[in-house]
Amino acid sequence: GGIITQTPKFLIGQEGQKLTLKCQQNFNHDTMYWYRQDSGKGLRLIYYSITENDLQKGDLSEGYDASREKKSSFSLTVTSAQKNEMAVFLCASSPLLGGQDTQYFGPGTRLLVL
Amino acid sequence: AQKVTQTQTSISVVEKTTVTMDCVYETRDSSYFLFWYKQTASGEIVFLIRQDSYKKENATVGHYSLNFQKPKSSIGLIITATQIEDSAVYFCAMRNNAGAKLTFGGGTRLTVRP
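Order-wise, the sequence lines are chains A and B.
Going by the working numbering, the first sequence opens with residue 1, and the numbers climb by one from there.
Going by the working numbering, the second sequence opens with residue 1, and the numbers climb by one from there.
Since the hints were made in silico from the structure, they are not lab data.
Please read these numbers as outputs of a predicted model, since none were measured by experiment.
Any given hint could be a false lead.
Stated by the list, open to error - Simulated DEER-style distance windows between Cβ atoms:
1. B:Glu26 - A:Lys70: 29 to 39 Å
2. B:Gly43 - A:Gly2: 10 to 20 Å
3. B:Thr5 - A:Met86: 22 to 32 Å
4. A:Glu62 - B:Ile84: 37 to 47 Å
5. A:Met86 - B:Thr60: 35 to 45 Å
6. A:Thr51 - B:Ser30: 19 to 29 Å
7. A:Asn28 - B:Ser10: 34 to 44 Å
8. A:Glu62 - B:Asn67: 29 to 39 Å
Don't be surprised by glycine CBs; every beta carbon is placed ideally from N, CA and C.
I would like the entire structure built from these sequences, with the hints used as guidance.
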């Protein structure tokens with residue numbers, strides 16, 4: 001078994017601020033993902049990474065940067081927070097990139113921009 | 001492009017009964033994978049069950065089973081003997097054979113009442 005840890009749990013930012021979210025996994029999985037979930041909706045892929053120092057854009061990458069510093073960690077940066085933005089950011093990991101691989105999710109970071 | 005649709009926004013059932021949640025999908029790929037996830041009140045997302053498109057047999061795990069109707073592009077989730085703890089939001093998702101992207105439906109909120 002393993003666990004995915006996301007920090008911080010809650011993030012309150014100001015409009016225009018650069019905000020960084022962090023994710024760590026100890027599954028020893030190769031692939032990691034960042035998703036955004038808006039209230040009452042499904043998840044949308046922002047970025048993913050298939051190995052250390054790799055980055056691939058998802059459907060929602062505009063306005064975000066990501067960094068895969070090492071195999072176990074994957075960071076997401078909101079480059080300029082939008083006023084009244086409220087969402088949950090979920091990190092996930094999977095063993096490989098194969099279609100059948102199950103993705104395991106972290107507990108999420110809840111963002112509120114004032 | 002892939003698309004996943006869950007038309008039932010919410011369902012309420014009495015405990016110990018059986019519930020079916022609908023999901024239809026769109027894809028041009030001949031090989032793909034279908035997943036169901038559960039999101040609890042705390043926000044935790046848990047993988048439940050997977051159906052591989054090339055398999056005719058419906059997947060079953062514990063009290064979860066799938067009703068896979070490939071000609072209708074439909075993958076329903078069936079929960080038998082529901083329990084109060086099954087109350088959650090259920091997401092259907094799909095992924096093609098080669099891509100990392102997991103495309104999610106909008107979710108169905110299940111309430112199991114005594």
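For each hint, the structure was consulted:
{"no.": "1", "hint": "B:Glu26 - A:Lys70: 29 to 39 Å", "in the structure": "holds (37 Å)"}
{"no.": "2", "hint": "B:Gly43 - A:Gly2: 10 to 20 Å", "in the structure": "holds (19 Å)"}
{"no.": "3", "hint": "B:Thr5 - A:Met86: 22 to 32 Å", "in the structure": "holds (25 Å)"}
{"no.": "4", "hint": "A:Glu62 - B:Ile84: 37 to 47 Å", "in the structure": "holds (42 Å)"}
{"no.": "5", "hint": "A:Met86 - B:Thr60: 35 to 45 Å", "in the structure": "holds (38 Å)"}
{"no.": "6", "hint": "A:Thr51 - B:Ser30: 19 to 29 Å", "in the structure": "holds (28 Å)"}
{"no.": "7", "hint": "A:Asn28 - B:Ser10: 34 to 44 Å", "in the structure": "holds (38 Å)"}
{"no.": "8", "hint": "A:Glu62 - B:Asn67: 29 to 39 Å", "in the structure": "holds (38 Å)"}
Against the hints set out earlier in the document, no violation occurs for any number.
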